[in-house]
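These protein sequence lines map, in sequence, to chains E and C.
Taking my numbering, the leading residue of the first sequence gets 139, the next gets one more, and so forth.
Taking my numbering, the leading residue of the second sequence gets 139, the next gets one more, and so forth.
If you're looking for bench data, these hints aren't it; they were derived computationally from the structure.
All C-beta atoms in this analysis are idealised placements derived from N, C-alpha and C, irrespective of residue type, glycine included.
A few of these clues could be false.
Covered by chain E, per the in silico footprint, the following chain C stretches (three or more residues, Cβ under 8 Å) [to be verified]:
(1) 184-195
(2) 295-306
(3) 322-328
There are 2 protein chains.
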Amino acid sequence: MGRPRRSLLSRERIFAEALALVDEKGADALSMARLAGRLGVQAASLYNHVTGRDEIVEGIRWLVVSEMDIAVLGGGPWQESLATWARSYMAALARHPNTAKLLATTTIRTPLSLEMYERVVILLEDAGWPRDQVVSVFTVIESFAIGSALDLVAPSIMIDPAEQSNSVPRLAAALKGDRPDRAKETFELGLTALLSGLVVLRRETVHDGAGPPR
Amino acid sequence: MGRPRRSLLSRERIFAEALALVDEKGADALSMARLAGRLGVQAASLYNHVTGRDEIVEGIRWLVVSEMDIAVLGGGPWQESLATWARSYMAALARHPNTAKLLATTTIRTPLSLEMYERVVILLEDAGWPRDQVVSVFTVIESFAIGSALDLVAPSIMIDPAEQSNSVPRLAAALKGDRPDRAKETFELGLTALLSGLVVLRRETVHDGAGPPR
Numbered sequence: 139m140g141r142p143r144r145s146l147l148s149r150e151r152i153f154a155e156a157l158a159l160v161d162e163k164g165a166d167a168l169s170m171a172r173l174a175g176r177l178g179v180q181a182a183s184l185y186n187h188v189t190g191r192d193e194i195v196e197g198i199r200w201l202v203v204s205e206m207d208i209a210v211l212g213g214g215p216w217q218e219s220l221a222t223w224a225r226s227y228m229a230a231l232a233r234h235p236n237t238a239k240l241l242a243t244t245t246i247r248t249p250l251s252l253e254m255y256e257r258v259v260i261l262l263e264d265a266g267w268p269r270d271q272v273v274s275v276f277t278v279i280e281s282f283a284i285g286s287a288l289d290l291v292a293p294s295i296m297i298d299p300a301e302q303s304n305s306v307p308r309l310a311a312a313l314k315g316d317r318p319d320r321a322k323e324t325f326e327l328g329l330t331a332l333l334s335g336l337v338v339l340r341r342e343t344v345h346d347g348a349g350p351p352r
Numbered sequence: 139m140g141r142p143r144r145s146l147l148s149r150e151r152i153f154a155e156a157l158a159l160v161d162e163k164g165a166d167a168l169s170m171a172r173l174a175g176r177l178g179v180q181a182a183s184l185y186n187h188v189t190g191r192d193e194i195v196e197g198i199r200w201l202v203v204s205e206m207d208i209a210v211l212g213g214g215p216w217q218e219s220l221a222t223w224a225r226s227y228m229a230a231l232a233r234h235p236n237t238a239k240l241l242a243t244t245t246i247r248t249p250l251s252l253e254m255y256e257r258v259v260i261l262l263e264d265a266g267w268p269r270d271q272v273v274s275v276f277t278v279i280e281s282f283a284i285g286s287a288l289d290l291v292a293p294s295i296m297i298d299p300a301e302q303s304n305s306v307p308r309l310a311a312a313l314k315g316d317r318p319d320r321a322k323e324t325f326e327l328g329l330t331a332l333l334s335g336l337v338v339l340r341r342e343t344v345h346d347g348a349g350p351p352r
């Protein structure tokens, strides 16, 4: 009887360990050999569960997207839904900043992500955005969220003129009011600006009285 | 006589090789030992020119920022200056995407960057932005530019529903109109939205008729 000495290998366990590896060592450290080593198995054993590195990247994406608020995309005013989604998107990336470039530059195939984008597309089209602009609109939100996540995990003193303060007096003065929660305030300011700018753009894009094109 | 078999070691040569290393192998690969190996010298020789890894990161920042349009921050309408700066910022990061997280999460000390931020601060304060908001305003632009740079270097097909198209019909339809220059169009759409949103915010922030606080 007794419990097994080691928990059984599964896709879930492989993906969780892959995310932990990227969190700790960076995305360039992700290899089948290194992942197998951390799981205490032979690399060949991994192939009983996944087809290869590409599928593992999609598994990492699945875990990160699982931390985002997708349910909010189900309805309500589109600006508010997008704002809540963007906050959860930024927070998830800030917990896993080493995944930012990897996920942003790998083709998306995981069903959970596709479901998230399906919901965003429906939300935006129902709000009157033309079909040929919705991908751009949600990508803009994502790009801002990704960049802001990196800012959130940056040191609290991000710009340090130190002994050069005399040559950059206006910058030095502006930095004096820097607050520990600067990154979050900055994200909110940018999100407000971005969404109010998108509201203006949508109004200009949609033909008056013509309703949303389908 | 004859020329030396190997060009002399210099800070410029060290920084250029460090950027090439990060471009090729990722930021986690940046170590004094590896850099020395690429330059064909002992690691100890590097310390005759730089104090350590931190200074090399600032050297990489100097090279990337050198590719940005800082001169445009000297004057003109603030929205247009910021837009031109943002385009050059995004383009520079897109040429060196592996530097994005490294530079966004390391305290900035290089004089060229400080000069760039001094110019942005002056531009924004002269446009009426309150001193305690200027750092947030330019950080918002930077975050969007960094996220957009990663989008620009992403594969042209970024979302691929493939055989799952039936379960995400609206997304599949929206993606059909995807164009090869989507990322650039998306960046311009976001930049337009962001700047027009900032114009609205600035108007609300600045007290009517009171002029910019100093």
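Original post:
What hint numbers does the structure not satisfy?
Top reply: Checked against the structure, the only hint that fails is number 1, while the rest are satisfied.
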